[in-house]
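Chain A is fixed; fit chains B and C onto it per the hints.
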Amino acid sequence: MADPRFFAVAGPFTAEEISRRTGATLAGAGKEKLVLRDVAPLETAEPDQLSFLDNRKYAEVFRQTRAGACFVHPDLAREAPKGVALLLTPEPYRAYALAAQAFYPEPPPVPGVAPSAVVDATVDLGEGCRIEANAVIGDHAKLGRRCLVCANAVIGSGVVLGDDVRVGASASISHSLIGNRVRIYPGVRLGQDGFGFAPDPKGFVKVPQLGRVVVHDDVEIGANSTVDRGAGPDTVIGAGTMIDNLVQIGHNVQIGRQCVLVSQTGISGSTKLGDFVMIGGQGGLIGHLNIGTGAKIGAQAGVMRDVPAGETVLGSPAFPVREFHRQVAALRRLAKQSND
Amino acid sequence: MADPRFFAVAGPFTAEEISRRTGATLAGAGKEKLVLRDVAPLETAEPDQLSFLDNRKYAEVFRQTRAGACFVHPDLAREAPKGVALLLTPEPYRAYALAAQAFYPEPPPVPGVAPSAVVDATVDLGEGCRIEANAVIGDHAKLGRRCLVCANAVIGSGVVLGDDVRVGASASISHSLIGNRVRIYPGVRLGQDGFGFAPDPKGFVKVPQLGRVVVHDDVEIGANSTVDRGAGPDTVIGAGTMIDNLVQIGHNVQIGRQCVLVSQTGISGSTKLGDFVMIGGQGGLIGHLNIGTGAKIGAQAGVMRDVPAGETVLGSPAFPVREFHRQVAALRRLAKQSND
Amino acid sequence: MADPRFFAVAGPFTAEEISRRTGATLAGAGKEKLVLRDVAPLETAEPDQLSFLDNRKYAEVFRQTRAGACFVHPDLAREAPKGVALLLTPEPYRAYALAAQAFYPEPPPVPGVAPSAVVDATVDLGEGCRIEANAVIGDHAKLGRRCLVCANAVIGSGVVLGDDVRVGASASISHSLIGNRVRIYPGVRLGQDGFGFAPDPKGFVKVPQLGRVVVHDDVEIGANSTVDRGAGPDTVIGAGTMIDNLVQIGHNVQIGRQCVLVSQTGISGSTKLGDFVMIGGQGGLIGHLNIGTGAKIGAQAGVMRDVPAGETVLGSPAFPVREFHRQVAALRRLAKQSND
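Chains as they are written, first to last, in this note's numbering: chain A, -1 to 338; chain B, -1 to 338; chain C, -1 to 338.
So that you can see chain A by itself, here it is in the shape it has in the complex:
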């Protein structure tokens, strides 16, 4: 089970209850009343625990699991060891996520303002907010209900947070309007000046950065990521978008809904992403591009041109996936010939 120093387990739940909560179909009969006390990885799960198989790579581990119940795709059900209760679903990972949320519900913040927190008298704090030790909130900021501002975080003047926003330890936010249920992880930097200056023989001339960062509902921004505010227009992150750690978002960037940006991705100024765009780790996009809805950009890709909706690009410079694979294959053959 999860380390009780850090996590409190709820439940138990019957297999039937788990089926009901997740939409997975309980296979075979007689398992409805099976009592499940926890979730666990396949390798370590016990007979009163619930696990999942989501990656064919782990089928061998699945065959030997001692888990009492397991979410699995119907196509892989035949690999199951005897006795395990199968919870069939086309989306085992999603079902596991919902079950794990049932076993480990996130506790709401315990309301209160730590004595060492510095909250300006003009701040509008919604009910149920928790402001931890040494956090600082500037004048005229406005927080919705049940916000959690962790230790040593800094919320600047005039910043607006919606309801149920969580701001991690030592994060800082300025010049930003944040929606509901947004999670800002520790060390995130939101709303500072973009990288804007004009060349001049006597030294660069700083361009005032007069926009904001606008973050829509249900966004997550990973640890130590940086999002600069707009130079004139705003920098915008669409609802439900997931941003990993150490990601850089330049000024005026517009990101659509439910995009996924894996860690260490960088997006240069004024580039626009449609909805459902995915960018692999360390992907890089130059500025002023348009990336269409549902486009996929590979890890370490270097995108220098617009990408049409639905297209997958790889490589640096990035090419459409088929062309990239042809290039890699052609070069391998060429290198082999040269060596023969």
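Since the hints were made in silico from the structure, they are not lab data. As the structure is a computational prediction, the values presented were derived from the model and not from experiment. Every residue gets a Cβ at the ideal spot worked out from N, C-alpha and C, and that includes glycine. The hints are all genuine.
Covered by chain B, per the in silico footprint, the following chain C stretches (three or more residues, Cβ under 8 Å):
# : stretch
1 : 95 to 102
2 : 162 to 171
3 : 321 to 330
Below, chains B and C alone, put in the same frame as chain A:
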């Protein structure tokens, strides 16, 4: 206009006054007394607002702007819609920067030390400094005049800041000497140990890092960037250099004047950059290199060798720009042939 | 000598004493009593100072050094200028490290808890700990002896630190068990949620992250690096591993002993590294890989497949080193031919 929760607008200014302040030439007659109340992007600018066209890509937007006045290169002036007052200049972005500074002058810090700040009794604070809530300044640090140390920032023992330095929220500085008008953005880490250790069968042996970070005047260091102090020599950043977010500067690196390092660039230990070097986003340089004055290193380039002054290199491993483009083109042709 | 504002020098030591402490052989006679007062780089070392030559690239500087004594590999000893006392060793950098530690011993933390630190009443603080200004330590955390928690750092509920751990300014740690003599640099983020969510037409479903970060003895984690806790299993960093700045370690990653991860490296979830693995700057590994003991992964390499023990891979996508070099050479020839 810029969100008044975050920005206060100055002015208004006449077109003539803007011409005088920026050096741009007001075209045509009768526009001298035009009253301008704000700057704005071309798309949203109103008849009493000032905009600029700097990128040919936005010429179509320019043709339809309702802006009262606009900075534009003489070559693009004929694209202007009727009625807009043209401010002609070979450097419209620079002129816009100066105008925007006039409309949105940066307010000087309001002097004072927050009650929750922890400033050692031996600190030498120049007049006009502002030390915000929960900032910490160690013994014998020395700050020039009008420095701004934002909330939760940490300035270590003995650190020296010049005049008009701004240290962002939650940044930390140790073992460093900082010039005048330097901007350290939120979350920057300046002066920690470099990555120095010697191999040993029993575990790595740590090499004491005995140098400093020396930052010259007018440098900017972007959010969450890291600059390690020297191992023996200093790590040095030359005057006027602009460093974006999430950039890594290793120990003993020497950077010249007015260089530009775009976000997520990494420079390994002991590499030296001349003046006016530009590095695109996610560029990487191994250690102990010499990069000549005015060299340009492309985004995601991987530089393994010295780069002569004025040369442009691209790719990983990096090659001179022409050779890189020939390689990309040759590989595309080869892949196409293989496929035919 | 090192700037006395930041460093206090110990000593002096005789050449004989240095030889004894480092295992280097003092060449020639009559130098045993030579008094050495400091370490210094070759370029600036004075006759009472000790230096080292570790990189053939600096042989010319060595020939002109005024250093009183110098660690050098026997093969390069003949390049020495007259009069310098040679300390011969196959590992000059390691010997220099030990000597520099003698001249600049790291002072133990001065015990005490700053009045502005917020340490929960249930925290178990070992003897000799130093908790600096505005640091925050949550309930039931447990710190070993002589730990140093720098200004504005945050240690979360239940976190365990071993003896002699140093946590840098503004770092944050949650859900983690940390061994002895571990150094967490400023701005590190340890133990936050991994990047885990399941797709769903109505928005991503968050997967509770129920594991921990386990850091073994003698590990260093560089400034602003991020290590996510496990999703179910733990994220594990083996003893003696050195992690540079701005490195990303995903959930469930397991890293062996004495690995070296250069700055801006990213390792995706569930990938496993054996012992003594080295990854160059900006290297990237996708998830669920196995990297064998002693494997070397080049700077900017993009690793998409398992790497056998002892193999070196380069490029993106990564290939074994010989194949990579053949590819680079073949492409150069092809581009040259196309141009002729």
